[in-house]
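Q: Chain by chain, the residues run as shown.
There are 2 protein chains.
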Amino acid sequence: MAIQNSTNGQPKAKLDASKLVVKLAEQLKPLPVPETMTFGQTQTDHMLIVNYDPEHGWGTPEIKPYAPLVLDPMSSCFQYCPNVFEGMKAYLGPDGEPRLFRPQKNMERLARSAERVALPPFDGDALLVLIKRLVEIEKRWIPNKPGYSLYLRPTMIGTRPALGVAASDAACLYVVVTPTGPYFKSKARGISLLAVSESVRAWPGGTGGHKLGLNYAPGFAPQREAAKKGYEQILWLFGDRITEVGAMNVFAIVKRADGALDAFTPPLDGTILPGVTRSSVLSLLDAHTKGKSLLPGVPASQKIYTHEIPITMSEIKVWSDEGKLLEIFGVGTAVAVAPVGRIGYQGWDEEVVLPQHDGGLGPVGKGLFDHLMDIQSGKVDFEGWSVPVV
Amino acid sequence: MAIQNSTNGQPKAKLDASKLVVKLAEQLKPLPVPETMTFGQTQTDHMLIVNYDPEHGWGTPEIKPYAPLVLDPMSSCFQYCPNVFEGMKAYLGPDGEPRLFRPQKNMERLARSAERVALPPFDGDALLVLIKRLVEIEKRWIPNKPGYSLYLRPTMIGTRPALGVAASDAACLYVVVTPTGPYFKSKARGISLLAVSESVRAWPGGTGGHKLGLNYAPGFAPQREAAKKGYEQILWLFGDRITEVGAMNVFAIVKRADGALDAFTPPLDGTILPGVTRSSVLSLLDAHTKGKSLLPGVPASQKIYTHEIPITMSEIKVWSDEGKLLEIFGVGTAVAVAPVGRIGYQGWDEEVVLPQHDGGLGPVGKGLFDHLMDIQSGKVDFEGWSVPVV
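In order, the protein sequences belong to chains A and B. To convert, count from 1 in the first sequence and add 85; that's this note's numbering. To convert, count from 1 in the second sequence and add 85; that's this note's numbering.
Certain hints may be false.
[Said to hold, decoys possible] Subject to a maximum C-alpha distance of 25 Å in a straight line, what follows is the list of computed DSS-like cross-link-like pairs (lysine-lysine):
no.: 1; chain 1: B; residue 1: Lys114; chain 2: B; residue 2: Lys99
no.: 2; chain 1: B; residue 1: Lys149; chain 2: B; residue 2: Lys217
no.: 3; chain 1: A; residue 1: Lys97; chain 2: B; residue 2: Lys313
no.: 4; chain 1: B; residue 1: Lys97; chain 2: A; residue 2: Lys313
[Said to hold, decoys possible] Computed footprint of chain B on chain A; a stretch qualifies when at least three of its residues, placed anywhere within it, have a C-beta under 8 Å from a C-beta of chain B:
no.: 5; stretch: 209-216
no.: 6; stretch: 289-303
These are calculated hints, taken from the structure and not from any lab test. Computed from a predicted model, the values in this text were never measured in an experiment. Here a beta-carbon is modelled for each residue, glycine too, at the ideal position from N, C-alpha and C.
Next up, chain A with everything else stripped away, as it sits in the complex:
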């Protein structure tokens, strides 16, 4: 869909990467030393921004010095929250050039998210061209160290400046960038989870299957409560079923009687974010089992069968009691693979404690993490997932 009809009878402009205007910062910021970087708090020198108005459609995309947004206080983004985003990472390849990981998947999901909250449509290919240009311009911000990358945050917000409760016919699409290191770098142990069912993150007919900003604020107060009880993240339940952990998808690795492993993750039933890392982990596990691409450190003979099916807290307890529960980990763009150490739940007499491993991750999680890092940084190719920016 390239052209829509405008209210004035003129066709509305589509998002057009060839119209990009680049205004470079006159003075570049000093780079942080890797040890001082906190995820999402350092802004790089530049940002990408383009506005949509109901009369003309998409305007001129700009890469310009990082700057505040200037918005009418009645804007829809403040009042009714039609705000969507993506998380992407750019790694330096062996050639010193930045690479993106399956970026088309982010473009597609961002488009679906925008549609879910009735924001204007955009051309994902054009946006990807613009994002690649931004990464190229900001590549000096990627620390040339293993596990370090540039985190990109494409964001689209409704900017209709009126209080009537209606879809926003104006929007601002922008991409900001922050350098980032390994998410859980100092964690020798897995993270602790409190399983919560009183607060519900998502439900059938709701928005949990889309990457909307509004899915996150309702978790802030429960997260504070969990922290007071000594847990780092929440394991979100829907009834007795597990859905997500913190802001990640979740996997459980369970030993079978025949020595093979089952890898369980909840199905995409509309309450689960369709994570790019989740999808990638499923593919990598299948590739290992089929012998197409082995997970580092996992024997070729070790079969791991994937299952997208509901997982209940009762099952986790039984698996744990029977000694079959080998690993639970969260997966997501920010963290890649994050090990779970223990889970508390009011429905249980005592916590489920996962087997401990040096560095936190068990063999399957570690194999996935290492494999993902190798693929994302372009050291290993897997189905063309890692895409050079230039």
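Knowing the structure of chain A, use the given hints to seat chain B on it.
A: Just chain B, lined up with the frame of chain A:
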């Protein structure tokens, strides 16, 4: 709660109305003629604004010329939507002075909303003092015509400028103002509703019982679909139960065998917004039945019994088929009381059509509307609900 501990050991400042700074606009905008006013699109000359930062607490409240907000693109309000709001109206009293309607209830609900998304707490009494001052300054914007008023939109947004998924420890609290006329002024007929169960507005353990911006954007796309099918608003269902209509609470008036009326509205089970108008309507119906304060146009002998209980679509169908369903109306600050004309539902063979009345509202809805207008404009006192600003 006045003082909290700050991270630097100094107490954080509470919201303090005595610190208000007023900067009046050098040039005042021309007033719109009432016929050209569209709800929520005209901004008055001034706004109220005050910021909270994690180090110092609440800053200096300002009433200043209406101006855009300037915010970091990483701000929490864009990314994770910890944004809450209120709707309030100021009417001109018989003395020509503006009055607010039960404003303390809005302050209490705003505080609960802020807590739900982990925004900083504020002193509701102090905010009310500031809002009264703003209304006083903007009172020239209230058209001196029946049904016209000033709509106030207190808003609080998270302004933490970082991408980590965490509660916003910075906030901006502001109030913008728009002149407004009767919401459904030209409606001779009731509004048409499409009952929707595939999209679900709220869920137990979710946020439907709080006035959060994030409750609204998920309704935009379903609302568009309903409009395509020829319906003006959505009747939100939870399973077979009705919950809200558009952005209003809902009442059904049903005839009993003994000639009395039942007024049903869904209970506050966490999926329903605890509306100030909803609460007021329940009180006014009870007051009529007890003979304490009669609804204009409704005979004193007409008993109307209120029930906060679940209402199913099946019940509505049966009531309608049996000729007992006299009125359905939505209630809310923007609209006061809005009549429903017909309801479409995929579970029904044909629409439920409500009895038609001149002007749209049936006798109970009309009595409530007129009574509310009289109370809100200070012509009639009811339990001190209408509060003069000066």
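Q: Hint by hint, note whether the structure agrees.
A: Now the hints, each set against the structure:
1. The hinted pair formed by lysine 114/B and lysine 99/B fails the criterion: a straight-line CA distance of about 33 Å is larger than 25 Å.
2. Distance check on the hinted pair: lysine 149/B and lysine 217/B sit about 15 Å apart at the alpha-carbon level, within 25 Å; holds.
3. Straight-line distance between C-alpha atoms of lysine 97/A and lysine 313/B comes to about 21 Å, which keeps the hinted pair within the 25 Å bound.
4. For the hint linking lysine 97/B to lysine 313/A, the alpha-carbon distance of about 21 Å falls within 25 Å, and the restraint holds.
5. With 0 residues bearing a CB less than 8 Å from a CB of chain B, the stretch 209-216 of chain A misses the requirement of three and the coverage assertion fails.
6. Under a criterion of three residues with beta carbons nearer than 8 Å to beta carbons of chain B, the stated coverage of the stretch 289-303 of chain A is upheld, 10 such residues being counted.
Taken one by one, the earlier hints fail for this structure at numbers 1 and 5, listed in ascending order.
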